[in-house]
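Since the structure of chain A is already known, use the hints to place chains B and C on it.
Each protein sequence line maps, in turn, to chains A, B and C. With the first letter of the first sequence counted as 1, position 274 gets the number 263 in the working numbering; the numbers rise by one all the way through. With the first letter of the second sequence counted as 1, position 178 gets the number 696 in the working numbering; the numbers rise by one all the way through. With the first letter of the third sequence counted as 1, position 237 gets the number 447 in the working numbering; the numbers rise by one all the way through.
Don't read these hints as lab results, they were simulated from the structure. All residues carry an ideal CB built from backbone N, CA and C; glycine is no exception. A couple of the hints might just be wrong.
[Said to hold, decoys possible] The calculated label-pair distances, taken between Cβ atoms and stated as ranges, are:
no., chain 1, residue 1, chain 2, residue 2, range
1, C, P351, B, R831, 18 to 28 Å
2, A, A138, B, L815, 45 to 55 Å
3, C, E388, B, G828, 27 to 37 Å
4, A, N212, C, G272, 57 to 67 Å
5, C, A300, B, D656, 42 to 52 Å
[What the hints assert, rightly or not] Coverage of chain B stretches by chain A, computed from C-beta distances (three or more under 8 Å per stretch; other residues unrestricted):
no., region
6, 567 to 577
7, 619 to 626
8, 632 to 642
9, 648 to 654
10, 666 to 673
[Said to hold, decoys possible] Result set (SDA-like, lysine to any residue): computed pairs, CA atoms no more than 25 Å apart in a straight line:
no., chain 1, residue 1, chain 2, residue 2
11, A, K155, A, A135
12, B, K709, C, R285
13, B, K832, A, H76
14, B, K709, C, S356
15, B, K709, C, T302
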Amino acid sequence: MTTQLLLIQGLNGLQLGILLFLIAAGLTLVFGVMDFINLAHGVQYMIGAYLAAWIAAATGSFWVALVLALPLALALGLLLEFLVFRHLYDRDHLQQVLATFGVILVVNQGVKWLFGAAPLQVPTPELLTGGIRLMEGLLYPTYRIAIIAGGLAVAGLLWWLVERTKVGMLVRAGATNAPMVAALGVDIRRLFMIVFGFGAMLAGFAGVLAAPILSVEPGMGDNLLILAFVVIVIGGIGSVRGAFLAALLVGLVETLGRSLMPDLMRLFLSASDARQVGAALASMLVYIAMAAILAFRPAGLFPVRTS
Amino acid sequence: MDRLRSDLTAIAVLAALAAAPFVGFGEGYVLTLLARAMILAMAAVALSLLVGGAGLVSMGHAAMLGFGAYAVVILDAARIVDAAIVLPVAVLAAAGFALLTGAIAIRTSGVHFIMITLAFGQMAFFTASSLAGYGGDDGYTLYARSEVAGTRLLEDRLTFHFVCVAALAATWLLCRMLLESRFGRVLRASKGNPLRAQALGFDPYPYRLVAYVIAGGIGGASGFLFANATEFVAPAYFSWQRSGELLFMVILGGLAGLHGALIGALGFVLLEEWLSHQWEHWRIVFGVLLILAVLYLPNGLSGIPGQVAGALRKGDRRG
Amino acid sequence: MLSLRNLRKRFGGLAVTDDVSLDVEPGEIHAVIGPNGAGKTTLINEISGVLAPDSGSILFEGRDVTSLPLHRRARLGLARSFQITSVIPAFTALENTALAVQAGVGSSFRFFRAAASESRLNGPAMEALSQVGLGARAHIPAGAMSHGEKRQLELAIALATQPRLLLLDEPLAGAGPEETERLIGILKGLRGRYTIVLVEHDMQAVFAMADRISVLVYGRVIATGVPDTIRGNAEVRAAYLGEDDLPLAAGTH
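If we strip away everything but chain A, and leave its shape as in the complex, we get (with noise of 0.2 Å):
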């Protein structure tokens, strides 16, 4: 293992991290101030990712794609939630777990029927391709950094807009007791679908950013929801604070363990065990880590709730 391997696998660690931040952070908003579990965000990170592969397709343009991208998300989302979801925020989390889980299935299904099931390709925009040398021999893809500073830049943004502004501090309000805002004679419907439409935003942003480095194919979303369900556990339901630092853990163990881990189980087993067992332990790491903190601290590193 050397150190340019390292720094790879810890920038693909961190570039992971950021995207999972971007899915998080609308998750656990989402939750923290409607109460409501939504396994079909990860779908917003999908259409996030096939509304930039279809521009960019008919334009030609990556730029394009991203500007035209971000509001139709937004609007996907919020049709989204006047079809489906303001229907589910009254009922238990066991219904809004089935109904979300109904539309995964539909917005799959439905990606697949209009784009069919074959992996879409988005190229690299042309400003960004190539590497940037980060030290001798260490050739690092333009893109990752971008995808890393743009991140860290609607991170920045999203801190500014949660603590600094009006809004924010209604919704931070709202995550900590959301009775008592409504109380207030706060419109608690509107910051919900605020809430919800900025939280489908920032997935599809996510989804967008991805789109040129993994394939676009249907179903993409629903691994990457349950890293950012573990993501916003750890970080505490309800706080993007949270959430950020979670996600570059889970980002940074998720890679780095599987790069690590079949070269550390070498010190101790034979050459082909030493990878099976480093990958089947890499693909637990992330879980168990989840657990040690959980055993610690049931309600997550930054507890938000105040009952």
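For chains B and C alone, coordinates are given in the frame of chain A:
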């Protein structure tokens, strides 16, 4: 009264399944479909014990089937095919996983529990995917079905059908008995009013954990049958989507009694099968139906008679 | 029987239990009264184990139970009723009570025999239901009972655990005049057979039933004594100034 109706419904469904081959449903294709439905129904009944009995909404139940199925795979690769060994190993493997993960998950409640069981299920899924020696993502084809007392008894379709009916009936009886026992009473009380149960001296934790382990073991048994039914095992069969489907079967049928899970599982599998012959993109329709079921059938399929009766009564009063 | 030693509990800046020390003698009905917000329910919660005090200790039959959780204290014989009715709505009255019996009789890790047909559980449960006058309503789901009946059931549940000490949190809360009278009759019937700590708003009832009374004001015990002493206590009169419900004249009953 309600309990009697639930029992009679369940017995009627089981009897119909047992009679199916003799009343024109004996074709190989139909038996395969019914076997699949019954095996999933087994897991769904166990899940219903958790959700309806203990209030534990697990989104990771498919992993229990996965443990059972992969126990069959791993023993098959070592050429161990005697059901007297394979079945207990499948049950214990799943129960063991349930014990380890349940011990952590049951400390939490509500949404945390849902997400943590989901995450542990996903952990099992990825672990199975990384087992390159057993096919990894691509899955593993069994050399043969498990042997019973040295014979290839399970190879016969009709015999396998009755094995499934018997296993499903045994699962239903076991879960029903558990719910009615002292143990089940504490479990149900802890769901209905945990503070009251604690004030009486019952710590809900060990009861819930035992229920979780039992449901896991039953899941392992159905995983054993699943592997034998398909003779092919892949991680994709035990993804979190499958957990969602199992949960859906339970809710679709209704939580009022264990018979709900039976009806829900059979209804789910048969509807899925029928729809898939109608349109390539049938999942769109299926998903919409699921959403509508959640929104408009609060008591599930088995609650429809009551709902209709209620609506009629309301209409009477108005008229 | 029960001793509270220098119990303290604060919620934010507010002291809800302020250096409370109290002794409950075996066999007595010990009432805790006080104006609204005096911290009565908090005190019951601390005794039963729903809340942990910030400092101080709780001795039950000479044993320090301060750090034991709710279910462990219940096992020692501390039974409580809740101010807000806390029965299991889906269970029948009999099943609610039989569950309480079950808590005291052997293991509950029994998986195969139907609990509903165990006469070992149903016998004592029926007895407890009869004691509170619900014998004829045993098979009604608790969720379908009237408020007064639920209060009676709550009492039957507490009795069915064969408690060494009964903690009753406003057993008369929300009951109509007739129901109140019936409940008082039932409680009086328990006198001498059980040790009871009673938190209650209804002063008439308290002064009619209690052997001794402790008065709680702003989390502090300002007086403890037999009803006549409490009636004559100037500090108590001051605390209740302007409230009509303290029966100041002796012999109102």
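Hint by hint, where does the structure go against what was stated? Just the numbers, ascending. 10 and 11
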